[in-house]
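Undergrad: Residue strings, one per chain:
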Amino acid sequence: MISAVQDYEAIKTAVETAANEHGEPHWFVERRLAAIDAMQDLALPEMKRYDFHRWPLMDNMELNFRRSDKSLADGLPKAKNQIRFVQVGQTTVAVDLPDELADQGVILTDIFSAFREHPRLTEKYFMEKVTNYKENKLTAYQQAFLNAGVFLYVPKGVEIKRPIEAYLIQDSTVKQPMVSHVLIIAEENSQFSFIQHLNTKGDEANAAHCMVEVLSRANSHVHFSSVDELGEHTYSFLHRRANLSRNARFDWAIGIVNDQNTLGDITSELIGEGAHSESKVIAVTTGKQSNGINNRVVNRGKHTTANISQRGVLLEKSELIFNGIGNIIHGASGANAEQENRVLMMSDHAHGDANPILLIDEDDVIAGHAASVGQVDQNQLYYLMSRGIDKELAQRLVIRGFLGPVLEEIPLPEVRQEMIDVIERKLEDGQHFN
Amino acid sequence: MATLEVKDLHVSIKEEKETREILKGVNLTMNTGEIHAIMGPNGTGKSTLSQTIMGNGAYHVTQGDVLLNGESILGMPVDERARKGLFLAMQYPAEIQGVTNAEFLRAAINARRPEDDQISVMAFLKELDKNLSLLDMSEQMTERYLNEGFSGGEKKRNEILQLLMIKPSFALLDEIDSGLDIDALQVVSKGVNSLRGDNFGSLIITHYQRLLNYIVPDVVHVMMDGRIVKSGDADLAKKLEKEGYAGLRDELGLKVSLVDDNR
Ligand SMILES: Nc1ncnc2c1ncn2[C@@H]1O[C@H](COP(=O)(O)OP(=O)(O)OP(=O)(O)O)[C@@H](O)[C@H]1O
Ligand SMILES: [Mg+2]
Numbered sequence: 001m002i003s004a005v006q007d008y009e010a011i012k013t014a015v016e017t018a019a020n021e022h023g024e025p026h027w028f029v030e031r032r033l034a035a036i037d038a039m040q041d042l043a044l045p046e047m048k049r050y051d052f053h054r055w056p057l058m059d060n061m062e063l064n065f066r067r068s069d070k071s072l073a074d075g076l077p078k079a080k081n082q083i084r085f086v087q088v089g090q091t092t093v094a095v096d097l098p099d100e101l102a103d104q105g106v107i108l109t110d111i112f113s114a115f116r117e118h119p120r121l122t123e124k125y126f127m128e129k130v131t132n133y134k135e136n137k138l139t140a141y142q143q144a145f146l147n148a149g150v151f152l153y154v155p156k157g158v159e160i161k162r163p164i165e166a167y168l169i170q171d172s173t174v175k176q177p178m179v180s181h182v183l184i185i186a187e188e189n190s191q192f193s194f195i196q197h198l199n200t201k202g203d204e205a206n207a208a209h210c211m212v213e214v215l216s217r218a219n220s221h222v223h224f225s226s227v228d229e230l231g232e233h234t235y236s237f238l239h240r241r242a243n244l245s246r247n248a249r250f251d252w253a254i255g256i257v258n259d260q261n262t263l264g265d266i267t268s269e270l271i272g273e274g275a276h277s278e279s280k281v282i283a284v285t286t287g288k289q290s291n292g293i294n295n296r297v298v299n300r301g302k303h304t305t306a307n308i309s310q311r312g313v314l315l316e317k318s319e320l321i322f323n324g325i326g327n328i329i330h331g332a333s334g335a336n337a338e339q340e341n342r343v344l345m346m347s348d349h350a351h352g353d354a355n356p357i358l359l360i361d362e363d364d365v366i367a368g369h370a371a372s373v374g375q376v377d378q379n380q381l382y383y384l385m386s387r388g389i390d391k392e393l394a395q396r397l398v399i400r401g402f403l404g405p406v407l408e409e410i411p412l413p414e415v416r417q418e419m420i421d422v423i424e425r426k427l428e429d430g431q432h433f434n
Numbered sequence: 001m002a003t004l005e006v007k008d009l010h011v012s013i014k015e016e017k018e019t020r021e022i023l024k025g026v027n028l029t030m031n032t033g034e035i036h037a038i039m040g041p042n043g044t045g046k047s048t049l050s051q052t053i054m055g056n057g058a059y060h061v062t063q064g065d066v067l068l069n070g071e072s073i074l075g076m077p078v079d080e081r082a083r084k085g086l087f088l089a090m091q092y093p094a095e096i097q098g099v100t101n102a103e104f105l106r107a108a109i110n111a112r113r114p115e116d117d118q119i120s121v122m123a124f125l126k127e128l129d130k131n132l133s134l135l136d137m138s139e140q141m142t143e144r145y146l147n148e149g150f151s152g153g154e155k156k157r158n159e160i161l162q163l164l165m166i167k168p169s170f171a172l173l174d175e176i177d178s179g180l181d182i183d184a185l186q187v188v189s190k191g192v193n194s195l196r197g198d199n200f201g202s203l204i205i206t207h208y209q210r211l212l213n214y215i216v217p218d219v220v221h222v223m224m225d226g227r228i229v230k231s232g233d234a235d236l237a238k239k240l241e242k243e244g245y246a247g248l249r250d251e252l253g254l255k256v257s258l259v260d261d262n263r
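Protein chains in written order, with UniProt numbering: chain A, 1 to 434; chain B, 1 to 263.
In short, the hints are calculated from the structure, not lab data. What you are looking at is a predicted structure, and each value in this text was computed from that prediction instead of being measured. Idealized CB from N, CA, C, for every residue including glycine. There may be inaccurate statements among the hints.
Unchecked claim - Estimated spans, in silico, between C-beta atoms of each pair:
| id | chain 1 | residue 1 | chain 2 | residue 2 | range |
| --- | --- | --- | --- | --- | --- |
| 1 | B | His207 | A | Leu359 | 49 to 59 angstroms |
| 2 | B | Asn199 | A | Ser372 | 41 to 51 angstroms |
| 3 | A | Asp51 | B | Asp136 | 43 to 53 angstroms |
| 4 | A | Ser372 | B | Glu16 | 16 to 26 angstroms |
| 5 | B | Ala58 | A | Ala370 | 45 to 55 angstroms |
| 6 | A | Glu46 | B | Glu18 | 14 to 24 angstroms |
| 7 | A | Asp51 | B | Thr62 | 23 to 33 angstroms |
| 8 | A | Ser372 | B | Gly197 | 43 to 53 angstroms |
| 9 | A | Asp421 | B | Gly179 | 34 to 44 angstroms |
What the hints assert, rightly or not - Each computed DSS-like pair below joins lysine-lysine, with the alpha-carbon atoms no more than 27 angstroms apart:
| id | chain 1 | residue 1 | chain 2 | residue 2 |
| --- | --- | --- | --- | --- |
| 10 | A | Lys391 | B | Lys14 |
| 11 | B | Lys167 | B | Lys14 |
| 12 | B | Lys84 | A | Lys391 |
| 13 | B | Lys155 | B | Lys190 |
| 14 | A | Lys156 | A | Lys70 |
| 15 | B | Lys126 | B | Lys190 |
| 16 | A | Lys156 | A | Lys391 |
| 17 | A | Lys201 | A | Lys80 |
| 18 | B | Lys238 | B | Lys190 |
| 19 | B | Lys155 | A | Lys391 |
| 20 | A | Lys48 | A | Lys317 |
| 21 | A | Lys391 | B | Lys255 |
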């Protein structure tokens, strides 16, 4: 937390110097400074029934740029024709974009190169159209101390068959927060999917601020998945938001499998008429970790459809709160918003909650919700065990089934398998302590 | 040769207020190489017997014992009993989303093997193909999620597929014939018969003599009101089919009410 005695002017001077040395365009340096000013008065975001005020998310108020050891990215799966972006800390290790896509105007590059090379796009869209630094203290921090990230631009009508993968690896071999930004612009009628992998290398205690901003223009079709696997010394704030224009389709499929406390804030803003979003999240918590996840859909346009599906599994002494927030704005007639929030308690010492929160200001809508906090189905467990499968594996198989509806959403089979493996590993660790 | 013994077994279930005794002293001994059939009116405890042998926690043994090769299994969890050689084809198999049939079968086979000697993919697929064709099942069924959306008959067939893959010493088959069409009945019987031999025994619970035309039992037991009231050879089933349970009850002078009496 920022203490009152801290000298904001000194911080601004240091940030300005670092940003200029880093060769950042003037407009962005100015935004950093404006954000630092704003931070002083802004409050932390609100999260119903969840307290994260004492987390060390903003202990570090410095801006440093340093090279990371590229070998920290060794061993990543590399397939033929893979479209991918790899970044370790602030160092971009690989950008694999087929020429034919570049020729069609697709841009895939690190965020700072994008500021310099594509100012027309980035100045207009970076935290201007989808998110804004003035929302709260954390968004202001994001803009002020941004130190990593990726920019993806897909022009009108371009369809990309193979998912685009971004590996964003936190370098915790040094003491430095990860303040990373994924900015995606999907122009009209474009179509693609994007898979993000978040990992940590190293054992330093650092915060991670990972923001995703997506602008989905009319009739675009975008699928975003993420395998979040941040390390046990990383407190994280995962802020993800998509704005959907007319008849756009945008889906989230997110697996939050971090090893430390996580604040998740996922929003789909359905602005244009006929927009549609499916927002699917799974989370697994172990040890003493605590995850608070807001999954919000806002129906603004007429005939918009927004569904939330969240599934969580709790082991040991962990805590997991799912808030499913369905907000239908006055005038969004014909809107449709369904949500389902389910958590599975694998331990008597865990604390889980699934809260549907419906804020509806329009009559002509269809909205519904289902929520449950439950145990593993004994009948299923018995059936598996009656075939000789031991209790722990049987539990994991039943859990996999429980998480299935979200797992199925991940477009690449190998990434789906990666997610299953990560979850399985985490469950195994958690089971050993139960 | 393996032996399964049920000795003076009393089993209760907990209901809302009180506990109710379902099995009231069941005695039964079977060896591998033998097929036993159990018949009896609805609600007499046939499924209870099979579930108790398997180790379903809903059933509480209040007296007696179940021994596998002379060793009591009552203290063992379900999975251990299964690995010791017991198999229960359930009257109502569970559905499990997200886990494919094939993956489940492999896990079940590997559960019986040491960690450093898991079955190879090739060997597994070979065995699977063989059994699929024996049961007239399509390969597609193994890529579907375990029992999810399976028809009643498909579930029964899938129980037998598991049986063939796992090859237990003793299979308890609870109404494996219910809901099967005539062709499926023959296929399922063929599957069970293919295991017949010195290393396999089975306890078949059925309401219909017809199944026993396909899988001819060595011994037939009749269960009423929580006890085995009569045992005989395959002809006993035929006699029952003709005369019904009321006839047998009266012949034995039992005071048991049957559902039919209430008509
Ligand atoms: N899990 C359970 N919970 C409550 N009651 C049970 C349970 N299992 C069995 N019972 C009761 O025990 C009695 C015996 O049931 P069981 O299922 O063993 O009969 P069955 O002989 O298999 O009958 P059917 O031929 O209809 O399958 C019945 O009255 C049944 O309602
Ligand atoms: Mg029964």
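Undergrad: Does the alpha-carbon distance linking Lys155 of chain B and Lys391 of chain A stay inside the 27 angstroms limit?
TA: holds (23 angstroms)
Undergrad: Hinted pair, alpha-carbon criterion (27 angstroms max): Lys391 of chain A, Lys255 of chain B. Please report holds or violated.
TA: At roughly 43 angstroms apart (the allowed maximum being 27 angstroms), Lys255 of chain B and Lys391 of chain A break the hint.
Undergrad: In this structure, is the beta-carbon distance linking Ser372 of chain A and Gly197 of chain B contained in 43 to 53 angstroms?
TA: For Gly197 of chain B against Ser372 of chain A, whose Cβ atoms are near 48 angstroms apart, the range 43 to 53 angstroms holds.
Undergrad: Holds or violated: are the alpha carbons of Lys391 of chain A and Lys14 of chain B at most 27 angstroms from each other?
TA: holds (24 angstroms)
Undergrad: A range of 49 to 59 angstroms was offered for this pair. Does it hold for the Cβ distance of His207 of chain B and Leu359 of chain A?
TA: Holds: the Cβ-Cβ distance is about 56 angstroms, inside 49 to 59 angstroms.
Undergrad: Take a look at whether the Cβ-Cβ distance between Asp51 of chain A and Thr62 of chain B falls inside 23 to 33 angstroms.
TA: violated (50 angstroms)
Undergrad: 45 to 55 angstroms was suggested as the range; check whether the CB atoms of Ala58 of chain B and Ala370 of chain A agree with it.
TA: Once the Cβ atoms are compared, 27 angstroms apart, the range 45 to 55 angstroms for Ala370 of chain A and Ala58 of chain B is violated.
Undergrad: Taking 27 angstroms as the top limit, are the C-alpha atoms of Lys201 of chain A and Lys80 of chain A close enough?
TA: holds (25 angstroms)
Undergrad: Taken at face value, is the distance from the CA of Lys190 of chain B to the CA of Lys155 of chain B at most 27 angstroms?
TA: Within the cut-off at roughly 16 angstroms; holds.
Undergrad: Given the hinted pair Lys126 of chain B and Lys190 of chain B, is their alpha-carbon gap at most 27 angstroms?
TA: holds (19 angstroms)
Undergrad: Is the straight-line distance between the alpha-carbon of Lys156 of chain A and that of Lys70 of chain A 27 angstroms or less?
TA: Given pair Lys156 of chain A, Lys70 of chain A is violated - Cα atoms ~34 angstroms apart, limit 27 angstroms.
Undergrad: For a C-alpha distance cap of 27 angstroms, please report whether Lys238 of chain B and Lys190 of chain B respect it.
TA: Distance ~21 angstroms between Lys238 of chain B and Lys190 of chain B Cα, so the pair holds.
This entry does not satisfy hints 3, 5, 6, 7, 11, 14, 16, 21, going by the numbered hints stated previously.
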